[in-house]
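Visitor: All chains, please: the whole structure from these sequences, using the hints.
With this note's numbering as the guide, the letters of the sequence shown map in order to residues 37 to 108.
Please keep in mind that the hints were generated in silico from the structure rather than gathered at the bench. A couple of the hints might just be wrong.
To be verified - Now the in silico label distances, taken between C-beta atoms and shown as ranges:
hint : residue 1 : residue 2 : range
1    : G68       : Q41       : 29 to 37 Å
2    : E67       : L38       : 16 to 24 Å
3    : P66       : E40       : 33 to 41 Å
4    : G68       : G42       : 31 to 39 Å
5    : V45       : G68       : 32 to 40 Å
These numbers come from a predicted model, not from an experiment. Backbone N, C-alpha and C fix where the C-beta goes; we use that ideal spot for every residue, glycine too.
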Amino acid sequence: ELVEQGNTVIVIEHNLDVIKTADWITDIGPEGGDGGGEIVAVGTPEDVAKEPESHTGHYLAEMLGLAKVAAE
Numbered sequence: 037e038l039v040e041q042g043n044t045v046i047v048i049e050h051n052l053d054v055i056k057t058a059d060w061i062t063d064i065g066p067e068g069g070d071g072g073g074e075i076v077a078v079g080t081p082e083d084v085a086k087e088p089e090s091h092t093g094h095y096l097a098e099m100l101g102l103a104k105v106a107a108e
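Guide: Written out as structure tokens, the structure reads:
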């Protein structure tokens, strides 16, 4: 409803079910605390899923069915 009224909504979220529905993602990491604080990936969920440095992207790719299964 907020977006439909022309508002911008910024959400800080860790739940992939929410993240996958975003119009635009800014992934900050790669880790938490002292190991983070850098912008790792930006873009649509599909864009972030393709970013090899993004931990979020790795799990998002699986959720979106974009992950490649590594040969064992």
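Visitor: Where does the structure disagree with the numbered hints, that is, which hint numbers, in rising order?
Guide: 2, 5
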